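Full structure from sequences and hints, please.
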Amino acid sequence: MANVLIVASPQIVSNETNITENVYKDDGTKDLVRGGLCVLSAGTIIPAETTPGSAQKIENDAAPFDAAARYFISLEDKTADGGFVSVSEITRDTILEGFVVDATGSSLTMTQAQIGTVCEGYIDAAGKWAINNATTKGVFEIVDVDSNYSPYRHPDAAGMDEDSGGTRHGRVKFRFIASKLR
Amino acid sequence: MSGLNMAQTASAKAALQRTGSGILTKEQFPNMIRDKIELQIDEMMEAWTGRVDASQLKGLFLKKSQKGLIHRVQTTVRPNDIVPLRRDADDDIQLISAGEGFGYTFRTHLFALGVAWERELTEVDDVGAIAQKFEWLTEAAERTYKHAMADILNRGIKPTSAPILSLDGMYLVDSGRPNPDPRAPSWSNEESDADITEDAWFAAKLNAYNTIGPNGELLRLKINKALIPQAYEMVAWKLTNSDKEVGNANNTANWAAAAGPKYEILDDLTTNCIYYILDNPQSEKNGLQMRERNAPSLADIRFQNPDKEGKRIRFAIGFGCLDPRYVWRGGLLNAL
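Heads up: the sequence lines are chains U and C, in that order. For reference, each letter of the first sequence is one residue, going 1 to 182 in this note's numbering. For reference, each letter of the second sequence is one residue, going 1001 to 1336 in this note's numbering.
I should point out that these hints are in silico values taken from the structure, not numbers from a laboratory. Quantities reported herein were computed from a predicted structural model and do not represent experimental measurements. Be careful, since some hints might not be right.
[Stated by the list, open to error] Below, simulated DSSO-like cross-link-like pairs (lysine-lysine); rule was C-alpha separation at most 27 angstroms, straight line:
1) C:Lys-1308 - U:Lys-25
2) C:Lys-1158 - C:Lys-1133
3) C:Lys-1013 - U:Lys-30
Here you go:
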């Protein structure tokens, strides 16, 4: 059974890029969500979603992920007004850590064997995003899995990393594949 | 805030928390730095409840320092021989024989965590909202130690897999354990699955008493105390505070109350199990060790950009177990 309940959006964990404000503005119509994945479009920052506010997969044949682009994370909730917005750019060096969801099955953790695979993503209706445990139309390369880099993760009984339904999700480190970044 | 509302209804708040940036920015603490806050209180209320504390667990591990990434130990076995009868004129004298025991390798692993922030955040932080960031790192280190040690004990008795194995290749508490002397039978420090009862505790005492050493010598070990999960406290308390046997109407004295082991709640023990501590865990008899190659240390992260600042904590630790028989016994507890 699918589980696309996202605990939290990914966070940059290494190779932090410049945090910019006074450079980028929103487009005046599309609101931005704190921690949300954004894309530079016509010189403005907009959500990296075909239809902001509706759940969708991040797939390599769906806009904007069907071509190379410049991606950002919005650092703030921003009601679109055409004004400046604080963002952090995702470059080829940027490593993020995010939660795993599964839009078709129930595999909410990734194993050692999945390091190096290229996976899809998922954005929920609130703008939170995560790694989708599917490789068909991948955009993100899995760099490491939590059982590897975090052997002393919080015990399951502590309830950490559980979604709103009480199910625990695995975490992975990942990056954009180079062909999707400009 | 003018009116007095005596019919308020609950409504869950949502805090801001993560932005997605790896560096702490003013967007993460907007209320702290834009408004005038009279008092900033850490959500953890450290001043009242205490910090992350792994001291109880640390007391169960023998702490050792090591210089190398690995530390190899090779044991030898002390012969368990009996002196035979002999005539002086008999030219043949029986000679004692000895050999190696099991070998073991302790490994340490490197851990590091950093925190970084932009300078403006500290400049406008009048109330010290983020002044605790060094503490966050030291606390994370302590938490890591705690989880690591708790995991070893929670998966120490009949687990499907464990983070460490002992010198003899078995789990911390296990049955059918080999002895290096081929004449010595296998041994066990594992009790049968049981409830916390007078009989179970006496059986453990007797089994400890009958434990053999690596060479087959009877060790006559004594139980010093029992470690139990919080959930079993009431059962253990009743067992140790009733001068008559618990659960029957006979006027029979309760051995467990008068002569049984004392118990202690091990806060991080979440598996349904009981550990019996025999000798002092801080003595060399304790095979269960925490090996520290580098104690946690803080250092500045130096960015090219002078307006980014950061700290990191770094340490190298490992865990392992030589012979557990002198300190560790245990068994699974039946579910309550």
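Satisfaction of hint between Lys-25 of chain U and Lys-1308 of chain C, Cα-Cα up to 27 angstroms: holds (23 angstroms)
Can you confirm whether the C-alpha distance between Lys-1158 of chain C and Lys-1133 of chain C stays at or below 27 angstroms? With a Cα-Cα distance of about 40 angstroms, the restraint between Lys-1158 of chain C and Lys-1133 of chain C is violated, given a limit of 27 angstroms.
Given pair status - Lys-30 of chain U, Lys-1013 of chain C, alpha carbons within 27 angstroms: holds (25 angstroms)
Violated hints amount to a single one, hint 2; each of the other numbered hints is respected by the structure.
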